[in-house]
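Next come the chains, spelled out residue by residue.
Protein chains: 2
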Amino acid sequence: MRAVVLMSGGLDSCVCAGMAHGMGYELHILFVKYGQKTEKKEEQCVKKLANYFKADLKILDLEFLKDIGGSSLTSDVEVTRDDTGIPSTYVPFRNSIFLSLATAWAETLNANAVFYGANSIDFSGYPDCRPDYFKAFQNLIEKGTKRGDIKLIVPLAEMSKSEIVKKGIELRLPLEHTWSCYFNTEKACGKCESCRLRLKGFEEAQYKDPIEYE
Amino acid sequence: MRAVVLMSGGLDSCVCAGMAHGMGYELHILFVKYGQKTEKKEEQCVKKLANYFKADLKILDLEFLKDIGGSSLTSDVEVTRDDTGIPSTYVPFRNSIFLSLATAWAETLNANAVFYGANSIDFSGYPDCRPDYFKAFQNLIEKGTKRGDIKLIVPLAEMSKSEIVKKGIELRLPLEHTWSCYFNTEKACGKCESCRLRLKGFEEAQYKDPIEYE
Numbered sequence: 001m002r003a004v005v006l007m008s009g010g011l012d013s014c015v016c017a018g019m020a021h022g023m024g025y026e027l028h029i030l031f032v033k034y035g036q037k038t039e040k041k042e043e044q045c046v047k048k049l050a051n052y053f054k055a056d057l058k059i060l061d062l063e064f065l066k067d068i069g070g071s072s073l074t075s076d077v078e079v080t081r082d083d084t085g086i087p088s089t090y091v092p093f094r095n096s097i098f099l100s101l102a103t104a105w106a107e108t109l110n111a112n113a114v115f116y117g118a119n120s121i122d123f124s125g126y127p128d129c130r131p132d133y134f135k136a137f138q139n140l141i142e143k144g145t146k147r148g149d150i151k152l153i154v155p156l157a158e159m160s161k162s163e164i165v166k167k168g169i170e171l172r173l174p175l176e177h178t179w180s181c182y183f184n185t186e187k188a189c190g191k192c193e194s195c196r197l198r199l200k201g202f203e204e205a206q207y208k209d210p211i212e213y214e
Numbered sequence: 001m002r003a004v005v006l007m008s009g010g011l012d013s014c015v016c017a018g019m020a021h022g023m024g025y026e027l028h029i030l031f032v033k034y035g036q037k038t039e040k041k042e043e044q045c046v047k048k049l050a051n052y053f054k055a056d057l058k059i060l061d062l063e064f065l066k067d068i069g070g071s072s073l074t075s076d077v078e079v080t081r082d083d084t085g086i087p088s089t090y091v092p093f094r095n096s097i098f099l100s101l102a103t104a105w106a107e108t109l110n111a112n113a114v115f116y117g118a119n120s121i122d123f124s125g126y127p128d129c130r131p132d133y134f135k136a137f138q139n140l141i142e143k144g145t146k147r148g149d150i151k152l153i154v155p156l157a158e159m160s161k162s163e164i165v166k167k168g169i170e171l172r173l174p175l176e177h178t179w180s181c182y183f184n185t186e187k188a189c190g191k192c193e194s195c196r197l198r199l200k201g202f203e204e205a206q207y208k209d210p211i212e213y214e
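The listed protein sequences derive, respectively, from chains A and B. Heads up, the first sequence stops at 214 in this note's numbering, and the numbers go up one at a time, no gaps. Heads up, the second sequence stops at 214 in this note's numbering, and the numbers go up one at a time, no gaps.
It should be emphasised that the hints constitute simulated quantities derived from the structure, not laboratory data. Mixed in with the good hints, there may be bad ones.
The list makes no distinction among identical chains, and a pair is therefore deemed to hold if it is satisfied within one copy or across any two copies.
[Unchecked claim] Think about it this way: if two alpha-carbon atoms lie no more than 30 angstroms apart in a straight line, the pair counts; the simulated DSSO-like pairs of lysine-lysine are:
| no. | residue 1 | residue 2 |
| --- | --- | --- |
| 1 | K58 | K41 |
| 2 | K40 | K58 |
| 3 | K200 | K41 |
| 4 | K143 | K48 |
| 5 | K208 | K151 |
| 6 | K143 | K54 |
| 7 | K191 | K54 |
| 8 | K37 | K143 |
Given the structure is predicted, the values throughout are model-derived calculations rather than measurements.
Go ahead and model the full structure; you've got the sequences and the hints to work with.
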C-alpha cells in the first residue's frame, strides 16, 4: 500500500504521517513551499521527519500563492491572534491546490491514499478544513481521476489537540522535529494562535512539549 | 465583473476567453507552464491573446507535473494518435490543479467567475473533462472558499469543434495566434489527434484555418 502524505512540518502533519506509517503505508511525502514566512523552519522539520519515516520526499516550490497574496501567512499583513470569523492566516483555496497536487502524484504512483493532517475542530474558521469540504474533495477525486479509487484520509479531522499530542506520544514520534509557530524566530514564540493551541494540547495531554519557546 | 480565465493558447481557450470578454468580464488570464513539450509555442500565443484582450496575464511555472510524469504531453512517451480509452496525453489530475490555482487567484481578486475552455464532446476520454467532474469542482468551490460564490463557467463544454470555430469567427478573434498541435514543430503537423480535430472543425464550419501546416 502506498500513500502520498502532505506535510507542513507541524505537529499535526507529523502525527498524520505517523498514523499512515502505522497503518502500513509506504510514505511519499509532499511538502509545498509557497512563500510562507516559516518555510525554512518547516522544510528542516519535514526533511528530518521524512528521514525518520524512511520516506520518499518531494519538495515543491509554489511562489504563486505568495504572488497572488491574500493571506497573512505569506504577506506582511499582521497575523491576527484572535479568531473571530475567518482568520487572516487563511490562504485562498490552498488546501484544494495542495490536495490536487498530492492526488496527481498519487495517481502517477498508483497510490491508494492521500493523507492530510487537517483538523476540523481547531480550525473550523477555515472554509477548506470543514468535513463537508473534504467530502467534496473525495467526490472530485472519484470524478476526475482515471480509476477514481484514491481515498482522501484526514485522520485528525475530529481529534482535539490533546488527542493529537497523545497519539504522537503513543506512536513515539519525534515531536521535537516539528514547528507550529506562525513566526520565523529562533525559538517558537509561545504566544501566537498556533503556539497557544499547541501548548494547550500538550498541557491537557499532560506531556511536556519537547521544542523550545522564547 | 471580473473573471480568471485559464488559457493554453489553443483554439478552445481563445474562444473561451473571447466569450468571457464578450459577456463583459474584465479578464485575468492564467497560463501554466508545466513542462509540456509545446510550452514555448503556447506561451507566445497566450501573450498575443492577452494583449489582444488587454488582459492581466499571470504565467506560472509548475515543473511538478513534468517531474511526477505520467503523461505523453510532458514525457518522452509517444503521443498516441488513436483514442481508445484514456489517451496518453491525459495529465494526472491536471484540471484540478489548474482550476484550484485559478480559483485561489479569483478569490484574492474578488472575481465572480473562473472560465475554462474544456470540451466534453471531443475529449470525453479524459476523466477530468466530463460534465460530472465540473459539477464536482463547482461544489468544491462552494464548500472551500470564503464566500462560496465563484462560478465555474465551461462555455465550450457542449460545443462541437465546428461550433467553436464558428463562435471564434463570429467574435472576430485572432485565431491565427493559437496553437493546438501536440508537437513542438515550426508549423503544426496536421496529423496528430489535436490537429485533426481542429482541421475537421474548420472544414465543417467552412472556414480556412489561418495557421500554417507542414
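Do the hints match the structure? See the list:
When the C-alpha separation of K58 and K41 is checked against a cutoff of 30 angstroms, the pair qualifies both within a copy, at 16 angstroms, and between copies, at 29 angstroms. Taking the closest pair of Cα atoms, K40 and K58 come within 30 angstroms of each other both inside a single copy (15 angstroms) and across two copies (26 angstroms). Proximity of K200 to K41 under the C-alpha cut-off of 30 angstroms is restricted to the intra-copy arrangement: shortest distance 22 angstroms within a copy versus 55 angstroms between copies. For a Cα distance limit of 30 angstroms, the shortest separation of K143 from K48 qualifies neither inside one copy, at 36 angstroms, nor across copies, at 34 angstroms.
Taking identical chains as interchangeable, the C-alpha atoms of K208 and K151 are never at most 30 angstroms apart, the minima being 34 angstroms within one chain and 48 angstroms between chains. In this assembly of identical chains, K143 and K54 lie within 30 angstroms of each other by CA distance neither inside one copy nor across copies; the values are 32 angstroms within and 35 angstroms between. In this assembly of identical chains, the alpha carbons of K191 and K54 never lie at most 30 angstroms apart, being 33 angstroms within a copy and 47 angstroms across copies at closest. Taking the closest pair of Cα atoms, K37 and K143 come within 30 angstroms of each other only across two copies (27 angstroms); inside a single copy the shortest separation is 35 angstroms, beyond that limit.
The structure shown violates the earlier hints numbered 4, 5, 6 and 7.
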